[in-house]
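Read off the chains here:
There are 4 protein chains.
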Amino acid sequence: MIVILKEHPNQKQLENLKAWLTSMGLAIHESDGVNHQILGLVGDTSKVDIDLIQALDIVDDVKRIQEPYKNANRKFHPLDTVVAAGDAKVGGGHFSVIAGPCSVESEAQIIGVAKSVKAAGATMLRGGAFKPRTSPYAFQGLRAEGIRLLLEAKQETGLPIVTEIMDLSQLELFDEVDVIQVGARNMQNFEMLKELGHLRKPILLKRGLANTLQELLMSAEYIMSGGNEQIILCERGIRTFETYTRNTMDISAIPALKTLTHLPVIADPSHATGRSAMVRPMALAATAAGADGLIIEVHNDPQHALCDGPQSQTEAEFADTMKQILRVRALLTEDDGGKNG
Amino acid sequence: MIVILKEHPNQKQLENLKAWLTSMGLAIHESDGVNHQILGLVGDTSKVDIDLIQALDIVDDVKRIQEPYKNANRKFHPLDTVVAAGDAKVGGGHFSVIAGPCSVESEAQIIGVAKSVKAAGATMLRGGAFKPRTSPYAFQGLRAEGIRLLLEAKQETGLPIVTEIMDLSQLELFDEVDVIQVGARNMQNFEMLKELGHLRKPILLKRGLANTLQELLMSAEYIMSGGNEQIILCERGIRTFETYTRNTMDISAIPALKTLTHLPVIADPSHATGRSAMVRPMALAATAAGADGLIIEVHNDPQHALCDGPQSQTEAEFADTMKQILRVRALLTEDDGGKNG
Amino acid sequence: MIVILKEHPNQKQLENLKAWLTSMGLAIHESDGVNHQILGLVGDTSKVDIDLIQALDIVDDVKRIQEPYKNANRKFHPLDTVVAAGDAKVGGGHFSVIAGPCSVESEAQIIGVAKSVKAAGATMLRGGAFKPRTSPYAFQGLRAEGIRLLLEAKQETGLPIVTEIMDLSQLELFDEVDVIQVGARNMQNFEMLKELGHLRKPILLKRGLANTLQELLMSAEYIMSGGNEQIILCERGIRTFETYTRNTMDISAIPALKTLTHLPVIADPSHATGRSAMVRPMALAATAAGADGLIIEVHNDPQHALCDGPQSQTEAEFADTMKQILRVRALLTEDDGGKNG
Amino acid sequence: MIVILKEHPNQKQLENLKAWLTSMGLAIHESDGVNHQILGLVGDTSKVDIDLIQALDIVDDVKRIQEPYKNANRKFHPLDTVVAAGDAKVGGGHFSVIAGPCSVESEAQIIGVAKSVKAAGATMLRGGAFKPRTSPYAFQGLRAEGIRLLLEAKQETGLPIVTEIMDLSQLELFDEVDVIQVGARNMQNFEMLKELGHLRKPILLKRGLANTLQELLMSAEYIMSGGNEQIILCERGIRTFETYTRNTMDISAIPALKTLTHLPVIADPSHATGRSAMVRPMALAATAAGADGLIIEVHNDPQHALCDGPQSQTEAEFADTMKQILRVRALLTEDDGGKNG
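Protein chains in written order, with this note's numbering: chain A, 1 to 341; chain B, 342 to 682; chain C, 683 to 1023; chain D, 1024 to 1364.
Don't read these hints as lab results, they were simulated from the structure. Only true hints are included.
To give a feel for the contact side, a few chain A residues facing chain D, derived at Cβ under 10 Å:
id, residue
1, Ile4
2, His29
3, Gly40
4, Arg239
5, Thr240
6, Phe241
Here chain A is said to cover these stretches of chain D; the calculated rule only asks that three of the stretch's residues, wherever they fall, bring their Cβ under 8 Å from a Cβ of chain A:
id, region
7, 1044–1055
8, 1082–1089
9, 1261–1274
In silico DSSO-like pairs for lysine-lysine, Cα to Cα no more than 27 Å straight-line:
id, chain 1, residue 1, chain 2, residue 2
10, A, Lys6, D, Lys1086
11, A, Lys6, D, Lys1098
12, D, Lys1086, D, Lys1098
Even for Gly, the Cβ is constructed at its ideal location relative to N, Cα and C.
Put together the whole structure using the sequences plus the hints.
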């Protein structure tokens, strides 16, 4: 961390600052510029509150050199984390596709889709029981009953299940859920993140619509600081000025995150684009960019889906997309002699 | 609502669609273009799920003509809503300034600041007990103890208090809190909004960092659909590419919201800019643009604040800013012969 | 086009509006809602100025149903346009990689890079002669001399050359240039677009940093309305709040543009990311998403490049990337039985 | 400037780097962290190409401490620049309102509007002769004839005129124009900026839709590096995800720019919002935030304006707005004892 002082700082205040920094176990290297005196802080600065320093009268600016996350940082944990759920693995060379409907609607629907996506090669089943909807007048999900139906589909097919939690009060319903999804709108629901950190169960953490990669990693850090290290990160589109697609899918987040962290990174082309015709090309793009997996919406009858119909693939489209995904994936892996995912 | 059909729609599917729309109490006006056949839907479309229609094979596009919110819509409720908390009123010509520290830190601090902002003209006291912080290693607030200290400050000064809830499990601690703040990160925490809709207590609803005005109004609609109509909307900056300020304060949201809704609209120049030197000009700008109030961070010792120091004004700066705010406000009101806020 | 009238419109003004619309050859279909009377305009509305109608007192809103571009619209020209430059072709199943240094620096450099990228499989040579630099103190390019050196490299290798024009006064220097590049900052330099419309030479039109797909297509329409239909569109990253990458590469723009227009679409992973380590994954992603080609910065000595070094690949990295690009491309094409690019 | 080295840098390369930096007249202060060795560069770094250093193998990151603009920097030129055009002055305590139609349409129109805005208190006349329009099918302005009519209006009223240049080939037509406007789309048309730097005539430089404050100041630096220091900066809205307003007016840019530079700063509420009903509140907000002036679209007949009708005020609305602007301005000035603008 570099602290740039204002010109002619009050010497008393400067001594206080230096004493405080030293008391936190940091060494200080001073250097004098023409216009600026600079303090270089050496040591573990990940727990230093940058805002506190920036508030001081004598400080012009503070710049971080080290990332503010530690547990999630590849620099300190160079080996890929592998997240396991049932038989499915994600990360460290393992590739997984999670598929299923936007919302769980009925027993027949969820079991039907589960069988069909399994046959096509998906390794986990997704389905919404609690649905975040912009309008209070839109369908809000089957809730507890939805989770019950997902567990039935799991029983029937053996696929581990992934479903979203919207509030901590729902947590006990998630006991048998294999992977708990934290949606984009809850990426910075810090009370929820802390609580999920006490579990020993995989968390699928989606990037918020307007959150930087660093903020996503800080949210992972919240969970990890509680001891839960089974986290899958998910790029699902960010909000920009472009309105043709629902969001702008930031494919470059995939190689960026793979560099910054050891956690597995997957992508959600369905929510990112909001258009079923774009799911296939964007799924292939994410795979080619090095994603450790995908999460794709598939519906037995997208035209009558109770939500997000426009972005769901049919079962036939998914089977076709899945074949291409696996071929692109194979091509990447063979290039690496199988070393990389 | 306008439904634009694809060329040569399947007639059977079209009949089904029309039957379904009619069953929802909507009348249908058809018109034929050169390339497009169009259905105009007449009636209450606020509860029609636009996604459902968009998903149909025969539909090219759907465009809303009527806003999807009803309770919050000025078209249906032309008179300004006045929100009252203790002696303070916001909206309908009433102007209120909420001031106080980012975090409650100690009894002496919160009571000291409360007295000083009251003397300067503030009508409510703010202070964070539960603090949303990007880093798990940053100060997270005094929590229950913070609320206790706020209530002491209220007792001491008579100022109604405004503080943020971060999770529904904290709700019972808010019994004596006058105004519950929903922070930007929780603007679309729909489970929380629904629950707050069952209260009969003012809610200060902050716009999310990447949320449109329409989404803000839909979140207000969530609360109102539960019966709670005491909502204050708050512009606090949106996320853009500009990095000089922490966020970009969207002052135009103020006149825009005043047109779209009858709810009061206030602005938060402290969080929007993240720089104390910009609080005064932006507070004046928001007032000049017609805000019904402001929320401003004030600290007795900003240099040692436990969070967000850089954006807090000192007590002296606030007193000076307050004078100017009231003069700009008076100028606007007198132009309207006192009718408008 | 749909014109939504305000409640109780002045009847005289309404008659005037209808007469004016009719005089433009449009038929009018009227329909009455509960709150809104609506005019549906039928005919060629691409030349109707939406702003003019929106300005009328009696009009509440105007919504386009038909896209405002015509020559660039796939609806009216379903067959893919193929752009040819020397032996290279782009679009309609033809895939081309344009490679070369950010700036032309010397004869040895540009000829050396040209030979090396040709050997690796590139079909066109890029190189900047006129360089748009944010700072007036940064290297501005070799200008006329740069173009002379590019033409030498073309002579030496047979590769057609692509280089950027920054002002119309430079146009005569571009006589022997094969493809004229319009940079992101000039995408809406309408005087330039009009002038380039009078040429019969391929134009590489880059999407502006903050421009929508529709605006990009309107800029293509400017060129096409002058008669020049040889246009290659290029996605090169848009500006968002994320700062880890220089820009956010909008890969979804590729399938979106391929749907909206018949013009070929390529992608520039070098400028989009600003980081050489991300060029390979993003080049593969763009190819997998269906791009008709790529433009990649390659330098013989990126560490001493006079500009944009951090985003350039070395010649060896490019050769390796090129192999993988062609394999992903082959996989896509074979899936289509060779029909699609 | 701070150069952060990678771990274990090649010592030979490091010596080369240090030699090169020293040869540019910079002193180097080295400091060693736990993970990072750091070079602090002391001296005039405004002309150091940050990209060049960032490209080096041994460099992890480079951070600027000093702003990269010099002539425009308030640190080096603390006194406000006053820009004068005819009798009008902007900056250094002088406040000017520029008003007039979007496009010059006829002699009667421009002279009529000129007289009316002058009577209301405007000190300069604006009017578009060359019009940047997104669609090639929209009205493109009266061009040379438009400038002739503006000069007539100047003759008639004495108001200095402000009009936009779209291409350098038009420059000779601007001989008698008092202030040349560089539109948002040309903010980074560097060839144009360089040429305008050779004039000795005020330039009104509008911020681009997606440009940072630093980029705006770098564009001013382009003009100033040619010797022309008569520059007025103009905030006119940036592009964000919000679609209710045409752009998002960044009012905070006003106090921010006033801190960073000595150049005058004005605001354009008409283009920023695109809605005439929002011009008044946003004009007042900009004034309250400390702007040195405003530029406002006024039309004698906004309903039949050939472009941008929806955002123009009528002459009566402008006169009313003008009164309020001057009252807010007076209030600010009197607070400063008249010292500040």
